[in-house]
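Note that the protein sequences, when read in sequence, are chains D and P.
FYI, in the working numbering the residues of the first sequence are 1 to 603.
FYI, in the working numbering the residues of the second sequence are 604 to 978.
Don't read these hints as lab results, they were simulated from the structure.
Misleading hints may appear alongside valid ones.
Derived DEER-like restraints, expressed as beta-carbon distance ranges [as the list claims (entries may be wrong)]: (1) D/Gly390 x P/Asp616: 31 to 39 angstroms; (2) D/Pro128 x P/Arg726: 53 to 61 angstroms; (3) P/Leu796 x D/Ser107: 37 to 45 angstroms; (4) P/Leu748 x D/Leu137: 48 to 56 angstroms; (5) P/Ala771 x D/Glu160: 47 to 55 angstroms.
With a Cα cut of at most 35 angstroms, we get these calculated DSBU-like pairs of lysine-lysine [what the hints assert, rightly or not]: (6) D/Lys529 x P/Lys946; (7) D/Lys226 x D/Lys82; (8) D/Lys272 x P/Lys620; (9) D/Lys529 x P/Lys882; (10) P/Lys781 x D/Lys529; (11) D/Lys82 x D/Lys441; (12) D/Lys176 x P/Lys882; (13) P/Lys620 x D/Lys268; (14) P/Lys853 x D/Lys529.
Going by beta-carbon spacing under 10 angstroms, a handful of chain P positions derived as facing chain D [claimed, not checked]: (15) Val675; (16) Ala889; (17) Gly911; (18) Tyr913; (19) Asp917; (20) Pro918; (21) Thr921; (22) Ala929; (23) Cys957.
Each residue gets a CB set at the ideal place from its N, CA and C atoms; glycine is no exception.
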Amino acid sequence: MSNTTTETEQPPAPEDGAAERLSTAPVESDGPTGIGAFGWARWMWRQLTSMRVALILLFLLSLAAIPGSLIPQYQNGQGQLKVEAWKARHATVAPVYEKLQLFDVYSSVWFSAIYILLFVSLAGCIVPRTWQFVGVLRSQPPAAPRNLTRMPVHAVWRTEADADRVNAAAHRLLRKRGFRAHLSGGAVAAEKGYLREVGNLLFHLSLFALLGGFAWASLASGTGGKLMVEGEGYSNTITQLDDFNGTRFYGNQDLDPFYLKLNGFTSKFQTKGDQIGAARQFTANVEYYAGGDESKLKKSTIEVNHPLEIGGSKVYLIGHGYAPVISVKNGKGDVVYRGAVPFLPQDGNLTSTGVVKVSDYGLGPDGNKTQLGFSGFFLPTAPLSFEGTGPVSLFPGDAAPELVLNAFSGDLGTDSGLPQNVYQLNTRKLTQLVQDGEPAKARLKLGEGWTLPDGYGSVTFEGYKQWASFNVSHRPGNAIALAGGVLAILGLIGSLFIQRRRIWVRAVALPGGGTQVELAGLARSESAKIAEELAELAVDLQDDAPASEEEDDAAASEEDAAPAASEGEGGATETDVPEETGVPTAPEASSDPAVPADQKSKE
Amino acid sequence: MQLASAVDPQLADLSNKLIYSAMVVYTLAMFAHMIEWTFGSRGAVAVRSKEQAGSLAETVATAEKKAKKVTVTVAGAGGGTTTLTRTAVAGEGATVVTSGRGADEEDGPGAAGTNEKADLAGRIAVSLTVLGAVLHAGGIVTRGLSVSRWPWGNMYEFSCAFAFAMTAAYLVLLATRKNVRWLGLPVVLAGLLTLGIATTVLYTDSEQLVPALHSPWLAIHVSTAIFCGGAFYAAFIATLLYLGKDSFDKRTAAGLTTGPLGTSASIWRRLPAASTFDKLSYRINALVFPLWTFTIIAGAIWAEAAWGKYWEWDPKETWSFITWVAYACYLHARATAGWKGRKAAYLALAAFACWLFNYYGVNIFVTGKHSYAGI
Ligand code: HEM
Numbered sequence: 001m002s003n004t005t006t007e008t009e010q011p012p013a014p015e016d017g018a019a020e021r022l023s024t025a026p027v028e029s030d031g032p033t034g035i036g037a038f039g040w041a042r043w044m045w046r047q048l049t050s051m052r053v054a055l056i057l058l059f060l061l062s063l064a065a066i067p068g069s070l071i072p073q074y075q076n077g078q079g080q081l082k083v084e085a086w087k088a089r090h091a092t093v094a095p096v097y098e099k100l101q102l103f104d105v106y107s108s109v110w111f112s113a114i115y116i117l118l119f120v121s122l123a124g125c126i127v128p129r130t131w132q133f134v135g136v137l138r139s140q141p142p143a144a145p146r147n148l149t150r151m152p153v154h155a156v157w158r159t160e161a162d163a164d165r166v167n168a169a170a171h172r173l174l175r176k177r178g179f180r181a182h183l184s185g186g187a188v189a190a191e192k193g194y195l196r197e198v199g200n201l202l203f204h205l206s207l208f209a210l211l212g213g214f215a216w217a218s219l220a221s222g223t224g225g226k227l228m229v230e231g232e233g234y235s236n237t238i239t240q241l242d243d244f245n246g247t248r249f250y251g252n253q254d255l256d257p258f259y260l261k262l263n264g265f266t267s268k269f270q271t272k273g274d275q276i277g278a279a280r281q282f283t284a285n286v287e288y289y290a291g292g293d294e295s296k297l298k299k300s301t302i303e304v305n306h307p308l309e310i311g312g313s314k315v316y317l318i319g320h321g322y323a324p325v326i327s328v329k330n331g332k333g334d335v336v337y338r339g340a341v342p343f344l345p346q347d348g349n350l351t352s353t354g355v356v357k358v359s360d361y362g363l364g365p366d367g368n369k370t371q372l373g374f375s376g377f378f379l380p381t382a383p384l385s386f387e388g389t390g391p392v393s394l395f396p397g398d399a400a401p402e403l404v405l406n407a408f409s410g411d412l413g414t415d416s417g418l419p420q421n422v423y424q425l426n427t428r429k430l431t432q433l434v435q436d437g438e439p440a441k442a443r444l445k446l447g448e449g450w451t452l453p454d455g456y457g458s459v460t461f462e463g464y465k466q467w468a469s470f471n472v473s474h475r476p477g478n479a480i481a482l483a484g485g486v487l488a489i490l491g492l493i494g495s496l497f498i499q500r501r502r503i504w505v506r507a508v509a510l511p512g513g514g515t516q517v518e519l520a521g522l523a524r525s526e527s528a529k530i531a532e533e534l535a536e537l538a539v540d541l542q543d544d545a546p547a548s549e550e551e552d553d554a555a556a557s558e559e560d561a562a563p564a565a566s567e568g569e570g571g572a573t574e575t576d577v578p579e580e581t582g583v584p585t586a587p588e589a590s591s592d593p594a595v596p597a598d599q600k601s602k603e
Numbered sequence: 604m605q606l607a608s609a610v611d612p613q614l615a616d617l618s619n620k621l622i623y624s625a626m627v628v629y630t631l632a633m634f635a636h637m638i639e640w641t642f643g644s645r646g647a648v649a650v651r652s653k654e655q656a657g658s659l660a661e662t663v664a665t666a667e668k669k670a671k672k673v674t675v676t677v678a679g680a681g682g683g684t685t686t687l688t689r690t691a692v693a694g695e696g697a698t699v700v701t702s703g704r705g706a707d708e709e710d711g712p713g714a715a716g717t718n719e720k721a722d723l724a725g726r727i728a729v730s731l732t733v734l735g736a737v738l739h740a741g742g743i744v745t746r747g748l749s750v751s752r753w754p755w756g757n758m759y760e761f762s763c764a765f766a767f768a769m770t771a772a773y774l775v776l777l778a779t780r781k782n783v784r785w786l787g788l789p790v791v792l793a794g795l796l797t798l799g800i801a802t803t804v805l806y807t808d809s810e811q812l813v814p815a816l817h818s819p820w821l822a823i824h825v826s827t828a829i830f831c832g833g834a835f836y837a838a839f840i841a842t843l844l845y846l847g848k849d850s851f852d853k854r855t856a857a858g859l860t861t862g863p864l865g866t867s868a869s870i871w872r873r874l875p876a877a878s879t880f881d882k883l884s885y886r887i888n889a890l891v892f893p894l895w896t897f898t899i900i901a902g903a904i905w906a907e908a909a910w911g912k913y914w915e916w917d918p919k920e921t922w923s924f925i926t927w928v929a930y931a932c933y934l935h936a937r938a939t940a941g942w943k944g945r946k947a948a949y950l951a952l953a954a955f956a957c958w959l960f961n962y963y964g965v966n967i968f969v970t971g972k973h974s975y976a977g978i
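Only chain D is shown next, with the shape it has when bound in the complex:
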């Protein structure tokens, strides 16, 4: 009963209708029934929950997801920066795109509309179907159609055995094969593969769990960032985090309380081959305690694929770099600054830039209060000469660390009370120091010092540490989404690998003596197995109902019952719908408008 070449011009082959009843697919309705607003509302609802509309919505969903993969999105990693850069490059279309929410596709009105409609359709389709399926489970398999030899898969033979005994044997055999079988009115009706429907319903229902997990996460999660130099620690509060993005149910006050300290950081890099410099290992050694109980201090490590879970948050390692330890002395030789300053990597070899702000310098050589600022580069592996390249690191490992500094004096702007970027020097009120008629600049190896011009004192490159940056993420709903995913897979397996099928057996005493045995099977069109299953059953049944010698007669009577293809008018006649028997125990069949009894082919 493969029906793969069905043409749209032709009326759909009736067997489709019969097979459809083996699925939970809703019945397609043609037009509004009844009049007035209620009729239309009902019609629209029917349309929305029809398979055709589900198909269209699914198609739209995949189309609608495309633009977000080609245009930078706010919600992606570093989204803000990328979106701004893109907007600058496409100034003319950017406002239009912004209006169309193309930088925010996955939370846009139109994308949401599609998936909300899809899920409404899904609910409208699946929930009634679930009840209907429960009804099917409670009732018996639909009774045998009157003429089994008109079914798409059938077998017939004649036997001398008693009809009742053949039916009883068929009933027994079908049960043994795991069918739900039911013997009444001189025929056996049996059905198997209910797990397919269970799987299908489970799959669709678990999509709701997935959606729920997503929704909860977007309402109640938050992420913060924190950069720490080796030896530093912090408490997870809004004041100590570098940045924080909260949501409605996880705001500044809701941060999971814990303490985390970076004890040390290990990095390894590829040292040869064409991928030289590629990162091979990053490990942050940390200690932490959840809540406020310092006595519970524990040691642990955080790696790229191995976040650390503390309280309700997970801490991810997302970046690393170097922090040169720099000390500054004023003209009198007093240490006015000493600290490890994180420099930010600019390329794969960790050429890093950073600034040092000496805001408590005190009085300058001219006796006025002043401040010093330094900007520069840290190169973990410096080249012998900067000729032609400028200061660029050759390798991300610390093989030949050097510090390149420019010195400024003046007003850093730190006293204005406005928040400042710690990685940038606001040079508006600063002037670069001058040494030998050139802007003051120095290239320092580890441990080297630099005497500043004009009696400003000195700077020393004392050493360096590594820093690591962390993403602190609180995301509930993961477990729900995961459960939804796992159930979805299980449901799919049931839905796609299990065949739901029906088998009917009828043995009737013939007027001239002897018994005619008829078997028929019905399954979805994708399965060829039903024929084999029917054959196996028939072979088994022949133990109880051996075929009579005059096989040909049986074959002939089959011919009578169902005209051969050559005489039929096209495909419809041969692959006839089972006529409904009118037996009241077939509720599904008799109420199904998709399967009209084909009057024309009645003899």
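Fit chain P with the ligand to the given chain D structure using the hints.
Then chain P with the ligand, alone, in the frame of chain D:
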């Protein structure tokens, strides 16, 4: 500063040589298949292969009194019927299965037709494919050994494994005596194409992985993705052939003597029936869909561990999702009245196009977090 763990350059080199050798052998297999198709057209293409007709008659003859014999009639799409006959010797459990098919859904006799030379060429082609696959497998294993990790860390390795998955799937089908030799030419062609792109455009030296890829999920997520890709590819070929054969059938019905796009009718006649292709592509897609779902979920779990969010609408994730929805669309279409047949097939093609774009397009043209070493 510690040194990263080393790469064994000899093994890495051996791996490259094995992959190149496999490509040479596949090329020879391709020529052998072409010879098979060419010679096959000279032999008479029987509408019903003799073998089939013969065995059917035989069963009827041997079904003596003592044997139990059942004939199941199956109604076909075009109004014809096919039959399936099963006999069992009474008293003994053993059953003999014979299936015969009616004229309605006749599978063609295969590429070789009834020509013996062509058949020989076909057998040689299959042997060469086996040899190629062995070399290919060797190339993948040595690549993995050279760095002591799973050999799918970048697009080059991914492509090699993917081409292998496809060839292996085809050979497994052959080994289980399925009638799939007609798949030989398209499979070898697709494998060569994939390997060709891998060795020229995507090649990177054998190296250790960036830390983001240090995860057991690499083995799980990526290997299932490779398998799914191979299977989707096979289903894609079957879908194309279904569309071709279906057009051919229609053209024949309309009295035309050539296949679609001016192809020779002899080729189409030797191929299996349209419904066979259609069922095959549906079965493969349906089989793979749950695994593809799993691949995406495994990827999400990995993303959660690596980046802190299981779903970020990164381009790769987005396209996996698009591909998933497209295949869901196809499966839905099969279950929707009026969408079976060609319309569903077009959806399957669109879904595979999404898969291809996800693989090549996203990796090469779109930047996202799914950056592999090299490409
Ligand atoms: C949310 C998006 C949806 C996805 C991802 C989805 C996916 C799937 C998949 C993969 C199948 C194939 C399983 C099979 O063939 O048994 C399927 C079947 C089915 N879907 Fe959906 N579906 C969705 C929405 C819907 C909606 C809205 C409806 C109702 C209008 C629906 C009704 C059905 C039915 C009745 C079947 C079973 C058809 C059959 O018996 O073969 N689905 N769905």
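Hints versus structure:
Between D/Gly390 and P/Asp616, the C-beta spacing of about 38 angstroms keeps the proposed range 31 to 39 angstroms intact. At about 56 angstroms, the CB distance of D/Pro128 to P/Arg726 agrees with the hint of 53 to 61 angstroms. Between P/Leu796 and D/Ser107 the CB atoms are about 39 angstroms apart, so this pair conforms to the stated range of 37 to 45 angstroms. For the hinted restraint 48 to 56 angstroms between P/Leu748 and D/Leu137, the CB-CB distance of approximately 54 angstroms keeps it satisfied.
Checking the proposed 47 to 55 angstroms range against P/Ala771 and D/Glu160 shows it holds: the Cβ atoms sit about 54 angstroms from each other. Among the hinted pairs, D/Lys529 with P/Lys946 is consistent with the structure: their alpha-carbon atoms are about 25 angstroms apart, no more than 35 angstroms. For the hint linking D/Lys226 to D/Lys82, the alpha-carbon distance of about 21 angstroms falls within 35 angstroms, and the restraint holds. Distance hint between D/Lys272 and P/Lys620 is fulfilled; the C-alpha atoms sit about 22 angstroms from each other, no more than 35 angstroms.
At roughly 12 angstroms between alpha-carbon atoms, D/Lys529 and P/Lys882 fall within 35 angstroms of each other, so this suggested pair holds. Only pairs whose Cα atoms come within 35 angstroms are accepted, and P/Lys781 paired with D/Lys529 is accepted, the gap being roughly 16 angstroms. Note on D/Lys82 and D/Lys441: the hinted pairing holds, with a Cα-Cα distance of about 33 angstroms set against a maximum of 35 angstroms. A hinted pair counts as satisfied when its Cα atoms are at most 35 angstroms apart, and D/Lys176 with P/Lys882 qualifies at roughly 30 angstroms.
In summary, the hint linking P/Lys620 to D/Lys268 is supported, as the alpha carbons are separated by about 30 angstroms, within the 35 angstroms threshold. The hinted pair formed by P/Lys853 and D/Lys529 meets the criterion: a straight-line CA distance of about 28 angstroms does not exceed 35 angstroms. The restraint placing P/Val675 at the interface with chain D holds, with a minimum CB-CB distance near 5 angstroms, inside the 10 angstroms limit. Proximity of P/Ala889 to chain D holds as hinted, the smallest CB-CB distance being about 5 angstroms (cut-off 10 angstroms).
The closest approach between the C-beta of P/Gly911 and any C-beta of chain D is roughly 4 angstroms, which is under the 10 angstroms cut-off, so the hint is satisfied. Look at P/Tyr913: its Cβ gets to within about 7 angstroms of chain D, closer than 10 angstroms, so that hint holds up. A hinted interface residue such as P/Asp917 counts as satisfied when its beta carbon comes closer than 10 angstroms to some beta carbon of chain D; here the least separation is about 6 angstroms, so the hint holds. Because the beta carbon of P/Pro918 sits about 4 angstroms from the nearest beta carbon in chain D, less than 10 angstroms, this interface hint is met.
With a least beta-carbon distance of about 4 angstroms to chain D, the hint placing P/Thr921 at the interface is held under the 10 angstroms criterion. Because the beta carbon of P/Ala929 sits about 5 angstroms from the nearest beta carbon in chain D, less than 10 angstroms, this interface hint is met. Hint on P/Cys957 holds. Least Cβ distance to chain D is approximately 7 angstroms, under the 10 angstroms limit.
Going through the hint list in order, the structure satisfies each hint without exception.
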